[in-house]
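Chains A and R are the protein sequences, given in the same order.
If you read the first sequence in my numbering, its first letter stands for residue 1, the second for the next number, and so on.
If you read the second sequence in my numbering, its first letter stands for residue 123, the second for the next number, and so on.
Treat the hints with care, since some could be wrong.
Cβ-Cβ distance ranges computed for the label pairs, FRET-style [claimed, not checked]:
| # | chain 1 | residue 1 | chain 2 | residue 2 | range |
| --- | --- | --- | --- | --- | --- |
| 1 | R | Met314 | A | Gly26 | 51 to 57 angstroms |
| 2 | R | Ala148 | A | Gly45 | 51 to 57 angstroms |
| 3 | R | Arg215 | A | Ala105 | 33 to 39 angstroms |
| 4 | A | Pro112 | R | Arg151 | 47 to 53 angstroms |
| 5 | A | Ala105 | R | Leu198 | 30 to 36 angstroms |
| 6 | A | Arg102 | R | Pro244 | 54 to 60 angstroms |
| 7 | A | Gly26 | R | Trp233 | 55 to 61 angstroms |
| 8 | A | Ala90 | R | Glu152 | 38 to 44 angstroms |
| 9 | A | Ala46 | R | Leu198 | 25 to 31 angstroms |
Negatives, chain A to chain R, calculated, CB over 10 angstroms [what the hints assert, rightly or not]:
| # | residue |
| --- | --- |
| 10 | Arg82 |
| 11 | Ala97 |
| 12 | Gly118 |
With the Cβ distance kept under 7 angstroms, some of the chain R side facing chain A (calculated, not the full set) [as the list claims (entries may be wrong)]:
| # | residue |
| --- | --- |
| 13 | Glu157 |
| 14 | Met158 |
| 15 | Leu161 |
| 16 | Phe162 |
| 17 | Asp188 |
| 18 | Glu196 |
Hints listed in this document are in silico derivations from the structure and should not be mistaken for laboratory results.
As the structure is a computational prediction, the values presented were derived from the model and not from experiment.
Even for Gly, the Cβ is constructed at its ideal location relative to N, Cα and C.
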Amino acid sequence: MSSTGSHASSTPPLSRVAMYILLAIGPEERHGYAIMREVGRITGGAIKLGPGAIYTTIKRLLGDGLIEESDERPDPELDDQRRRYYRLTALGRSVAATEVRRLDALVSSARPWALSIGLPRT
Amino acid sequence: MTAFDMPDRPGPSERVYAGLMQLYPAAFRERYREEMVRLFADQLRDARAGRGSGGVVTTWLRTLADLASSSIGEHLRKDRTVAQSLTTFEPTRGMRLLGLLGIAGAALLLWAFISFNPFQDPAVNRIRLVAFGLAGVAIVLAFYRRQAVAAPNLALLTTAGVVIAGIWYATTVILSEGVDHPFLGSFGLMNMFANIALWVTPAIWAIGVLHTGAAWQGMSRNQAIATKLGVMSLVGSIVAWFGDDRLGMVDSLWGEMWQVLALIGVAMNGIGWLTLGAVLLIGRRGPKQA
Chain A
1 MSSTGSHASS TPPLSRVAMY ILLAIGPEER HGYAIMREVG RITGGAIKLG PGAIYTTIKR
61 LLGDGLIEES DERPDPELDD QRRRYYRLTA LGRSVAATEV RRLDALVSSA RPWALSIGLP
121 RT
Chain R
123 MTAFDMPDRP GPSERVYAGL MQLYPAAFRE RYREEMVRLF ADQLRDARAG RGSGGVVTTW
183 LRTLADLASS SIGEHLRKDR TVAQSLTTFE PTRGMRLLGL LGIAGAALLL WAFISFNPFQ
243 DPAVNRIRLV AFGLAGVAIV LAFYRRQAVA APNLALLTTA GVVIAGIWYA TTVILSEGVD
303 HPFLGSFGLM NMFANIALWV TPAIWAIGVL HTGAAWQGMS RNQAIATKLG VMSLVGSIVA
363 WFGDDRLGMV DSLWGEMWQV LALIGVAMNG IGWLTLGAVL LIGRRGPKQA
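So that you can see chain A by itself, here it is in the shape it has in the complex (with noise of 0.2 angstroms):
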């Protein structure tokens, strides 16, 4: 394993904020409103952050390596030029997908005992 995929298994889970601002960035450069809409898109609405949540977990993220702010700037004719972008860095990926992995075996281990009281199989 690389010597970043072995710093990301051994952090401890995630605040719940920041897991849904890796995943919502993903593969893409992102900044804060795109962040807050793909955030609501993948919760099915469920969660809406607001600016405070949303930068505060951002400047930890990049205080912890995760994330790094994009140079490049978009096209202005399609977007605002004065927007800061977000991606994920080679630790952010690896701590991502740790993340979604212990999720996975969460949802695994508590699926059996779900289904037993009869919640919907999906």
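Given the structure of chain A, go ahead and fit chain R onto it with the hints provided.
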């Protein structure tokens, strides 16, 4: 103008929101103000266009709640990283200092409890009352980060309750001394409710701590046991409220028993803060979890 553009001149709502950003730490504000105001403007634009999940009023209310929780959180954990570790318990210097303050306040409470108040000088006694009023504030602030990792909203709500109650109590002790007034006096309504809050809010906080289980994550076995005992002691301290009841309700309900319950509750409050303070003060790195 594209759907992503923001006009150069912000509207009244954006200006108000920009002003409210004074609530954040200066460094954070400096770095993120422009982006956050832009995001808020985007949300308002969606709300006005019917694309958001609510109207302008809903957007404002949601943003104010977000502002309140995130600004307090940013002040309390401005140096915290997302990978906030619950896998080890290693109190920072600030946590140890808060633990020490908690121990000092709780020790003063218990000392007076055991010695039947040796602090005869009113000025010294006031210092004692203020100190144990603030003991809980110190302890809950020290545990806030760990709590917030597991349940941010619950942590904020329960911590704020203890902080407000402790500061409120300390303030009324200082301001009401020698004052004979039905509202502001030593036995006035303000003082009475401050007393009640002083016993009730720690119990609520402690129930929250038991609920999340984050407080003792990563601690050694002995630290974890001490923490659980301290927290459970604080849950029990709610019975001290019966001793502070001055409306006569408790008297009629419990008769003579209220005095015993009150004393037990006060002792549990002191023991709870003392134990948690000791855990913070002598905390060592716990075993790493897989």
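Against the structure, the hints come out as follows:
For methionine 314/R paired with glycine 26/A, a C-beta distance near 55 angstroms keeps the hint of 51 to 57 angstroms intact. The hint said 51 to 57 angstroms for the Cβ distance between alanine 148/R and glycine 45/A, and at roughly 35 angstroms that hint is violated. In this structure the hint that arginine 215/R and alanine 105/A lie 33 to 39 angstroms apart at CB holds, the actual value being about 37 angstroms. Between proline 112/A and arginine 151/R the C-beta distance comes to about 49 angstroms, which sits within the given range of 47 to 53 angstroms.
Range check, alanine 105/A to leucine 198/R: Cβ separation about 32 angstroms, and the 30 to 36 angstroms hint holds. At roughly 58 angstroms, the beta carbons of arginine 102/A and proline 244/R sit within the given window of 54 to 60 angstroms. One distance hint, 55 to 61 angstroms for the beta-carbon pair glycine 26/A and tryptophan 233/R, holds here, with the actual separation near 58 angstroms. Against the hinted window of 38 to 44 angstroms, the Cβ-Cβ separation of alanine 90/A and glutamate 152/R comes to about 29 angstroms, which falls outside the hint.
Here the CB-CB span from alanine 46/A to leucine 198/R is close to 27 angstroms, well matched to the stated 25 to 31 angstroms. Not every Cβ of chain R is farther than 10 angstroms from the Cβ of arginine 82/A; the closest lies at roughly 7 angstroms, contradicting the non-interface assignment. Chain R leaves alanine 97/A outside its interface by the beta-carbon criterion, the shortest separation being 15 angstroms against a cut-off of 10 angstroms. Interface exclusion of glycine 118/A from chain R stands, the closest Cβ pair being 25 angstroms apart, more than 10 angstroms.
Contact between glutamate 157/R and chain A, as hinted, is supported at the beta carbon level, the nearest pair being about 5 angstroms apart and thus within 7 angstroms. Look at methionine 158/R: its Cβ gets to within about 4 angstroms of chain A, closer than 7 angstroms, so that hint holds up. Nearest Cβ of chain A to the Cβ of leucine 161/R: about 4 angstroms, under the 7 angstroms cut. The hint holds. Because the smallest distance between the Cβ of phenylalanine 162/R and any Cβ of chain A comes to about 5 angstroms, under 7 angstroms, the interface hint for this residue holds.
A hinted interface residue such as aspartate 188/R counts as satisfied when its beta carbon comes closer than 7 angstroms to some beta carbon of chain A; here the least separation is about 3 angstroms, so the hint holds. Taking 7 angstroms as the C-beta cut-off, the interface hint given for glutamate 196/R holds, the closest approach to chain A being about 5 angstroms.
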